[in-house]
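From first to last, the protein sequence lines stand for chains S and G. Residue numbers are given in our numbering: position 89 of the first sequence equals residue 115, and the series is strictly consecutive. Residue numbers are given in our numbering: position 139 of the second sequence equals residue 165, and the series is strictly consecutive.
Keep in mind that the hints were calculated from the coordinates and are not lab data. Computed from a predicted model, the values in this text were never measured in an experiment. Everything hinted at is true.
Here are the simulated DSS-like cross-link-like pairs (lysine-lysine), alpha carbons at most 30 Å apart as the crow flies:
1) G/K165 <-> G/K56
2) G/K88 <-> G/K56
3) S/K56 <-> S/K88
4) G/K88 <-> S/K88
5) G/K165 <-> G/K88
6) S/K56 <-> G/K56
The lines below spell out each chain.
Protein chains: 2
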Amino acid sequence: MTQPTAAMIVIGDEVLSGRTRDANSWVLAKDLTAIGVALREARVIADDHAQIVATVRELSGKYDHVFTSGGIGPTHDDITADAVADAFGAPIDIRPDARAILEAYYELGALNDARLRMARIPDGASLILNPVSQAPGFKLGNVHVMAGVPAIFAAMLASVTPTLQGGLMTLSHAIRVALPEGELAAPLGAVAAAHPGVGIGSYPFYRGGLGSTLVARSTDRAALAVAVQAIRDMCAVLGTTDLQETPPD
Amino acid sequence: MTQPTAAMIVIGDEVLSGRTRDANSWVLAKDLTAIGVALREARVIADDHAQIVATVRELSGKYDHVFTSGGIGPTHDDITADAVADAFGAPIDIRPDARAILEAYYELGALNDARLRMARIPDGASLILNPVSQAPGFKLGNVHVMAGVPAIFAAMLASVTPTLQGGLMTLSHAIRVALPEGELAAPLGAVAAAHPGVGIGSYPFYRGGLGSTLVARSTDRAALAVAVQAIRDMCAVLGTTDLQETPPD
Numbered sequence: 027m028t029q030p031t032a033a034m035i036v037i038g039d040e041v042l043s044g045r046t047r048d049a050n051s052w053v054l055a056k057d058l059t060a061i062g063v064a065l066r067e068a069r070v071i072a073d074d075h076a077q078i079v080a081t082v083r084e085l086s087g088k089y090d091h092v093f094t095s096g097g098i099g100p101t102h103d104d105i106t107a108d109a110v111a112d113a114f115g116a117p118i119d120i121r122p123d124a125r126a127i128l129e130a131y132y133e134l135g136a137l138n139d140a141r142l143r144m145a146r147i148p149d150g151a152s153l154i155l156n157p158v159s160q161a162p163g164f165k166l167g168n169v170h171v172m173a174g175v176p177a178i179f180a181a182m183l184a185s186v187t188p189t190l191q192g193g194l195m196t197l198s199h200a201i202r203v204a205l206p207e208g209e210l211a212a213p214l215g216a217v218a219a220a221h222p223g224v225g226i227g228s229y230p231f232y233r234g235g236l237g238s239t240l241v242a243r244s245t246d247r248a249a250l251a252v253a254v255q256a257i258r259d260m261c262a263v264l265g266t267t268d269l270q271e272t273p274p275d
Numbered sequence: 027m028t029q030p031t032a033a034m035i036v037i038g039d040e041v042l043s044g045r046t047r048d049a050n051s052w053v054l055a056k057d058l059t060a061i062g063v064a065l066r067e068a069r070v071i072a073d074d075h076a077q078i079v080a081t082v083r084e085l086s087g088k089y090d091h092v093f094t095s096g097g098i099g100p101t102h103d104d105i106t107a108d109a110v111a112d113a114f115g116a117p118i119d120i121r122p123d124a125r126a127i128l129e130a131y132y133e134l135g136a137l138n139d140a141r142l143r144m145a146r147i148p149d150g151a152s153l154i155l156n157p158v159s160q161a162p163g164f165k166l167g168n169v170h171v172m173a174g175v176p177a178i179f180a181a182m183l184a185s186v187t188p189t190l191q192g193g194l195m196t197l198s199h200a201i202r203v204a205l206p207e208g209e210l211a212a213p214l215g216a217v218a219a220a221h222p223g224v225g226i227g228s229y230p231f232y233r234g235g236l237g238s239t240l241v242a243r244s245t246d247r248a249a250l251a252v253a254v255q256a257i258r259d260m261c262a263v264l265g266t267t268d269l270q271e272t273p274p275d
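Next comes chain S alone, as it looks inside the complex (with noise of 0.2 Å):
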């Protein structure tokens, strides 16, 4: 058993300006870690057909998932279903199981034409429900076409997820400690080097005073837990016993 890996489009002009913060890429990262899959990258891209089409072309065939956020809506700047069935050559038109969830959910004459776009679903997609305003994603190939609205996509996510095959765990334990980085670097690397099979890093801290907060990862929890003690024994050498940690859970 091994790890899916995953990557994550987010689709909008408004990211790329500055208007509005990525909310969605962590979002998913965290889901996927506690389900085992490995988040391998994370884009930002423009709405732009050609971008949209190639960055689904490329990262659907390096990745086991992708994930895209944004440009699903009824305004003419929501291009990503079009684009993402371009990229498969996948026919896209208005499509009935689409239109029956939006036509159960407006009042009678509020679906118009802008409305309907929203049902448009690429041949051979499945639909991914969206439970805050219903019109609905889909899945086509390897790739989750979700909203751009962080509670939405939140949401669809929610639904996506369990239909994932996980895969190992990575289990993750975390120490701070009230040693700078430059002191605990030389022996940390000797830490790592020792102990191939679980990713250590280290990350500074300032608040509550200067030290670094060390995260060893690992799918292998006895490994872990080796090279956690091997941690805790140099923090001790180096004069510290005083340390915060996080299990993994």
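Fit chain G to the supplied structure of chain S, relying on the hints for placement.
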């Protein structure tokens, strides 16, 4: 005069695992927009030598400017400087100018081998000063290598942006209106089609009632004003004159 283009590369396993939420892309996006440089894409990638080399090569060939954040500290997982050097085929070693900065900062004896790693600067690079914790970033070719810690990234960026050749400013005019996207999508699409030199985006909001924020963007102030008036007229036709506008500075 046009707009120079740019890309961001966020380097860090901790971002892909969801442990840390990237803050630097958003800061860069806003700062570049403010000087007329167009951020075309942003990527988050792992602490992986080959992935960093490949991404730096691809994006530095594609855009006028590239910015990286993360991986330039003293610990074993800080591999960005060497990877960027490799991407350009540049030799890298401890450089006297960077070493002198660290020697002036650290107390006698504290500048150990690990900290000296932060003086590893590729041949041909210019330093990017770090007013927070001194260890410098650098610019090699068109790639600006900066720290991942948000306060340091922002401080480094503040010294870099004045050195960039800015381009035409993208002016942005936002109009917040209490109409759902589905009701204005058709006429808004017509406005967008009639004003091809102005980018028009629509973003739904849910707080304080359902509505849409319509954002018109252009480097041409006169064209922007005409498109904005067309949006106002459209809203009036739809029966709404209560608009909250945020004009360009």
